[in-house]
Amino acid sequence: MAETKNIKLKLNQLLRIKEDLENSIRKDENLIRKNNSRPKKEEAQIDFKETKRLYELRLEQLISVKEAIRNGNAMVNGDFTNDYSIYLLSNLNRRKVFLNSLNTFEGDRPTLTSAGKMVEFEAKLPYKEVEKEVREIEQKIRAIETKLSDFNHLTEVTVVIYTELDLV
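Convert by adding 1 to the 1-based position in the sequence shown; the result is the number in our numbering.
It is worth saying that the hints were derived from the structure and are not from the lab. There may be inaccurate statements among the hints.
Said to hold, decoys possible - For each label pair, taking beta carbons as the anchor points, the in silico distance ranges come out as: (1) 34 to 131: 44 to 52 Å; (2) 77 to 165: 28 to 36 Å; (3) 91 to 36: 36 to 44 Å; (4) 121 to 31: 20 to 28 Å; (5) 94 to 165: 31 to 39 Å; (6) 7 to 49: 43 to 51 Å; (7) 91 to 165: 45 to 53 Å; (8) 50 to 131: 55 to 63 Å.
Ideal placement from N, C-alpha and C gives every residue a C-beta, glycine not left out.
Please model the complete structure; the sequences and the hints are all you need to start from.
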């Protein structure tokens, strides 16, 4: 059984640890994939059992880290939980992408089916309105990103860490 300890970390540190763990897990998967089958008499390029053991330990560690992040994000940040702000940010980014994808053309032009005749176009959401809304969304996005960053740098949560993985 691997040795563990409970430690307090700021959310921003946990997010970096999560990213590092995910990268290590991907590397382990690639090593295991590349070295799983080889000629019987050929010497192994890695300690397969140890790589597999560390891979499984990292997967378990990732669960603890994600749970601690979730617990931290469930804390109230101003009027809402941090999770709410994360979901709001996601929706704002989605809306911005959608608005930027709208065809806001107005005026006359021929179409593929008009046989060269001019067709008048009208945008229900005209360019100026779309651009205004995109600018407003970008301001909201910046404010939420700042709020999330401040929260992540100030909020501490407890996480179970496998000491062997030397993550902190």
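Check each numbered hint against the structure and report the violated ones by number, ascending. 4, 6, 7
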